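Trainee: Heads up: the sequence shown runs through residues 3 to 397, numbered per the working numbering.
Keep in mind that the hints were calculated from the coordinates and are not lab data. A quick note: this is a predicted structure, and the numbers were derived from the prediction, not measured. For every residue, glycine included, the Cβ atom is placed at its ideal position computed from N, Cα and C. Each hint should be verified, as a subset may be incorrect.
Said to hold, decoys possible - Across the chosen pairs, the derived CB separations fall in these ranges: (1) Ile-214 with Gly-287: 24 to 30 Å; (2) Ala-81 with Trp-297: 46 to 52 Å; (3) Leu-164 with Gly-287: 42 to 48 Å.
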Amino acid sequence: MGTFTAAAIIAAYENIALDLGVSIQRVSYLTSLQIAILGGAPLLWKPLSHRFGRRPIFLLSLILSCACNIGCAKSPDYASMAACRALVAFFISPASAIGSGVVTETFFRHERARYMGIWTIMVTLGVPIGPFIFGFVAQRVDYRWIYWILAITNGVQAILYLFFGPETRYIGVDVQSESSAFKREYLSLGRIDPTPIKVSEFYHPLTLFTNIPVLLATVAYAMVFLFASVLNSVEVPQLLQQKFELNAQQLGLQFLGLIIGTILGEQLGGFMSDMWMNARARKIGRKPEPEYRLWLSYIGFLLTIAGMVVFLVCTEQATVGQWNVKPVVGTGIAAFGNQVVTTVMTTYAVDTYPQDAGSVGVFINFVRSTWGFIGPFWYVRPGQDICFSYGQKRS
3 MGTFTAAAII AAYENIALDL GVSIQRVSYL TSLQIAILGG APLLWKPLSH RFGRRPIFLL
63 SLILSCACNI GCAKSPDYAS MAACRALVAF FISPASAIGS GVVTETFFRH ERARYMGIWT
123 IMVTLGVPIG PFIFGFVAQR VDYRWIYWIL AITNGVQAIL YLFFGPETRY IGVDVQSESS
183 AFKREYLSLG RIDPTPIKVS EFYHPLTLFT NIPVLLATVA YAMVFLFASV LNSVEVPQLL
243 QQKFELNAQQ LGLQFLGLII GTILGEQLGG FMSDMWMNAR ARKIGRKPEP EYRLWLSYIG
303 FLLTIAGMVV FLVCTEQATV GQWNVKPVVG TGIAAFGNQV VTTVMTTYAV DTYPQDAGSV
363 GVFINFVRST WGFIGPFWYV RPGQDICFSY GQKRS
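Construct the entire structure; sequences and hints are all you get.
Mentor: Spelled out as structure tokens, the structure:
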């Protein structure tokens, strides 16, 4: 829900700009702001989830996110909307902090890539699915209904998690407890780990900058994510909407390429990645080194580069006012490569440092979100120059 919420308003940039009296580029900062907070806030939530458990933190996150999305829907001006968006990002961010940890706590190592892939694909799909769905909302009703729907979704999630979301952090069971297992699992919201919280725990994930395998995997993934996911998502309204004269609903449909590419890419990065490692294990008679998984990432890097070239070149050469599918195909190819890199690199990083998978997830999220926040400030105008220079020269 973190990336989904951040990207939800992309298709409505023009509507928001007209309503609040600001530029489209300034409206895009409402997304960049959330990306930045989604990167930093998990540093706070991770130690709290260790002491109080995953379940209470998730429930608190959903309830407060619901309230803040209502605030976004009622915001009268740009400043108040930005403030509410910032609060939403802060409260919805725990999943980014502990998602990889929950996967590690729940599944065996030989299943890890598959289920880590499901988690990462949901993070990645949040970016294109948000504008794809809410483009219809912005066009058919009003863009403020985007926030109302997000609030309703958070409320429904909170209710479902209350009844069906068990605690995954295990620190031992008090066998003398008179309460039932159901009560301990679903009705207890107290502190589960009495160990005092240390200040160092709040910045501990950042110490992974000194862990070379984790750092290299994270930087490689963050750079691919910046271009194949964030740039594509932010530039589609800046480029395709203006060039093809699209309304909000039509703009949302341009994200279909990202969705299809991501889903197909996960088949290689997740399920086939596990098959790749299992086949190697049978051949050598033992578990292969985590680095053997990285061979699959080369496919992702090459497809990401190819997809970005297709997207930008075809956008530049397209005729103004006449839509064609080629740029969307380019975003789909890039999304395929991005998802392969995402799953392979995330799984590799966790496999090299399994004793603290939660910190690995927070670290990856911090670096990825920091790059994602910085990106829109420097590639919006250059992107427009690149893609419109051809038409300007001809005129």
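Trainee: Hint by hint, which ones does this structure get wrong, listed from lowest number up?
Mentor: Result: no hint breaks.
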